[in-house]
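For the record, the sequence lines run as chains A and B. The first sequence begins at 1 in the working numbering and counts up by one. The second sequence begins at 75 in the working numbering and counts up by one.
Since the hints were derived computationally from the structure, they do not count as laboratory data. Virtual Cβ for every residue (Gly too), placed ideally from N, Cα, C. Hints are supplied without guarantee of correctness; some may be wrong.
[Said to hold, decoys possible] Derived contacts from chain A toward chain B, CB cut-off under 8 Å, selection only:
1) Met1
2) Pro21
3) Gln25
4) Arg36
5) Phe37
6) Ser41
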Amino acid sequence: MNIEQLITMANQIGTFFKSSPDTEQAKKDIVMHIKRFWALSMRLQLIEHAQSNAGKGLEPIVKDAIIQHQALLA
Amino acid sequence: MSKYTDFGTPAKTSDNQITLEIDGTQITVPEGTSIMHAAMVGGVTVPKLCATDSLDPYGSCRLCLVEIEGRRGFPASCTTPVAEGIKVKTQTPKLADIRKGVMELYISDHPLDCLTCATNGDCELQDMAGAVGLREVRYGYEGDNHLKSEKDTSNPYFQFDPSKCIVCSRCVRACEEVQGTFALTIQGRGFESKVASGTENFLESECVSCGACVQACPTATLIEKSVVQHGVPEHSVTTTCAYCGVGCSFDAEMKGEQVVRMVPSKNGGANHGHSCVKGRFAWGYATHQDRITTPMIRKSIHDAWTEVSWDEAINYAASEITRIQAKYGKEAVGGITSSRCTNEEVYVTQKLIRAVLGTNNVDTCARVCHSPTGYGLKQTLGESAGTQTFDSVMHSDVIFVIGANPTDGHPVFGSQMKRRLREGAKLIVADPRQIDLVSSPHVKADYHLKLRPGTNVALISAFSHVIVTEGLVNEAFVKERCEIDSFEAWRAFAAKQENSPEALSETLGVPAEDLRAAARLYATGGNAAIYYGLGVTEHSQGSTMVMGIANISMATANVGREGVGVNPLRGQNNVQGSCDMGSMPHEYPGYRHVSDDATRALFETAWGRPLSKEPGLRIPNMLDQAISGSFKALYCVGEDIVQSDPNTQHVTHGLESMECVIVQDLFLNETAMYAHVFFPGASFLEKSGTFTNAERRISPVRRVMTPKNGFEDWEVTAKLAAALGYPMHYAHASDILDEIAALTPTFKGVSFKKLDELGSVQWPCDDANPAGTPTMHIDEFVRGKGKFFITEYVPTTEKVNAKYPLILTTGRILSQYNVGAQTRRTDNVAWHPEDVIEIHPHDAEDRGINDGDWVGIASRAGETVLHAKITERVQPGVVYTTFHHPESGANVITTDNSDWATNCPEFKVTAVQLTKVSQLSEWQREYKAFSQEQIGFVHHPKNEANV
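Modelling step: build the complete structure from the supplied sequences, incorporating the hints.
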């Protein structure tokens, strides 16, 4: 699947949750949202992108969330 | 034909009971009841013509006169309320004499053609002539009369024959009181009095063809043309309309298997005997010649279709799915259900995908309409559904309509809402466009917040700010019912200056003082209810807005009782139901996530197959993965993604990339043109099942005729499952509902038997609520404590610029439905033969565009051409169109932008430019050629006739 599309979607999710005053909670919420609503193949592709391409295009909070909670997301 | 007792005047409710005597019988009724109604309660029928219990009493026909002991004269029983201890006589020699004289006058100006009249045997005038014992008419036809008055047959569905009119005003009053359109009037005085539609004929008038006047008419003056054609029906079956999310109950009045007319059921919980032009009249598509009733297969979409037997089609589809899964893996296939399907059909389809194909790649058309509602309300209140009944609006003091157009999209509820507004409820409308509710006869919005498309969340932020900073929070409610931490975080967010009306006014394009005043009205005006539609959900922040709506309803305690609440107006008939039935890729029936071990174990045990714990692909994901090469087969039941989903070119590219597309539908719809297998579907008149409307009301769909394709749709899905090695042992749709009830807590008490007994029931229906739950969240929220969410406004990335300076927003109109596959195949095209582009006079002038010109509409996604309609309904900078006709290509120009949480497309905001053109767009020309080729591929009687 087009990674650009996944990056856009992940960043949109990040934009919603980063309003939370608790950044650590926001990261968890970002990952949990992706975990609950994205197919495994899409999640794996996103993790791969975060790892191999230094998460190019991902908002910092989204990239951090993916790296930090990778085990939860896979 | 009517199977309902007509009590003559509406029922009244009162704590005080009144006992009176009518014809020697003691009768007790609520205070305020008319003598006529009381008499009917006691089994005494009083002759009447101008009275019917759907309308307020009028007292004009003089047939219902009675005598009351101790009172002078002969009062009309319809307009005279009961009083304690009075003694009423309905039959005396004097009354008989008066009534006979009145009837004689009526009949003296009425054609005596009863034997050849279309309502012979179903005419109240005829009945009353018999009831009063009229035996002769002393006045001949020599004098002036109306017998040669010309018929108005302009309306495609009903005719108006003034020669048969008795000027009882029932039609005029129905138009006013029931429908609220005020299209009819009594013109002239005395002998010259006549019913008039304000223009030369009904078709060109303000009449919306709801049919309330036809239903109210006691003679053959206003009558369905289908009754004129077929005669009076001989039996009726109560079923549920297959159009919008109101879910009106109808009596299909039949002659054998021929529908003679659809009459809205008086007992219908959602509609109470009212209807719109679609439900009452636009059912002819069910027998339209375009119906495909024989299964078809083909290897390539560039091949002609081959008609095959059901077995051959089913086996071919099964073999293709098996082949593709063997070659590409089980995740390479998926299914799409539709909100046009019954609950039972959706249930068996998702069961097939999950249990038989072993994947959760199943989605539904709610993806592109109300998926943000499901997400947003689940997060905040705990349940993915509206909180009220439709009747709740009659207890509202403030009605806040956001991004919805009830009089067009949900017309029967729109009429009910207008009734409440005429009673004095206040109205706030937030919409970029001037919908009818903003200003229509006897209804005027107190505030029309004409916000810019895409700024909904800024609107709710401004409301939140006013509520929080002006002390309008109901602190006690919040403390008792909500999560305090989430509330405090939201309160701090809302209080920020950047969320003030003054700060957001420019963004919204709405004066700050109007925002403040409207927010105050919502928060302090009494019972305040929010009604919203796709103007809320179909945005990149659709889910955020739904949560924002829930936030302010909780903060002001406007949830959990009658008259208030959060009310999503669902677009199609079974949006709620299709979501309830587990048609989304991440959840089972009853909104339980697929990763929940206990729930998954429950379904694994019941279905006897291991199930995946991973969420599946959504519709746009399926298409994306098809283009990238990993998604290869689709089973699409009742949905037309090529026409209804955004970025048409992307959708068709996705379908073209698949190896097997199976479409099950009534017609060769736009998606079927990209299919390899076509399973003919059955119409709602040909099947049994249930629909669940916007108020969670589960209503029965009853089969009134044999399926022309041979099978109900659930049977086709079951056949496919069997061919894939998984027999489904259902004998009837009721067996499927029983399985749903056994596995879904909120449906636990639902069965066909219960629906037969109660008519309909609103879920949750369980041991604690055996008759259903009209109002939700009364004592506590479904999730326990209500949760507030911070809803920061984030402008859409779909921005206007010099190249695309206008914002296109889309919507629907009264006479057409969704992609139009049904309504375009009815006489409703008389009102909407094509989609047009609405443009403000200033924008039109800037571009040299005149009304009716061909206009090219270009966006970043594509280009199409429509005729221009210049109107001040849209504001400068905004243009508007509908998507009811495929050749319009409305979704050729919409983009892939979508809601952050659910991928619901951002249909409501597309940056475009308009230019005057002289020919169709390239896409339209290609579409026309492709469409004609595809229709030619069908071995169809119509095509053969054209050869």
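Results for each hint:
Of the supplied interface hints, the one on Met1(A) holds, with its beta-carbon coming within about 5 Å of a beta-carbon of chain B, less than 8 Å. Taking 8 Å as the C-beta contact cut-off toward chain B, the hint placing Pro21(A) at the interface holds, the least distance being around 6 Å. Hint status for Gln25(A) relative to chain B: violated, with the closest Cβ pair at about 10 Å, above 8 Å. Hint status for Arg36(A): holds, given a least beta-carbon distance of 6 Å to chain B, under 8 Å.
Contact between Phe37(A) and chain B, as hinted, is supported at the beta carbon level, the nearest pair being about 6 Å apart and thus within 8 Å. Here the hint on Ser41(A) is kept, as its CB sits about 7 Å from the closest CB of chain B, short of 8 Å.
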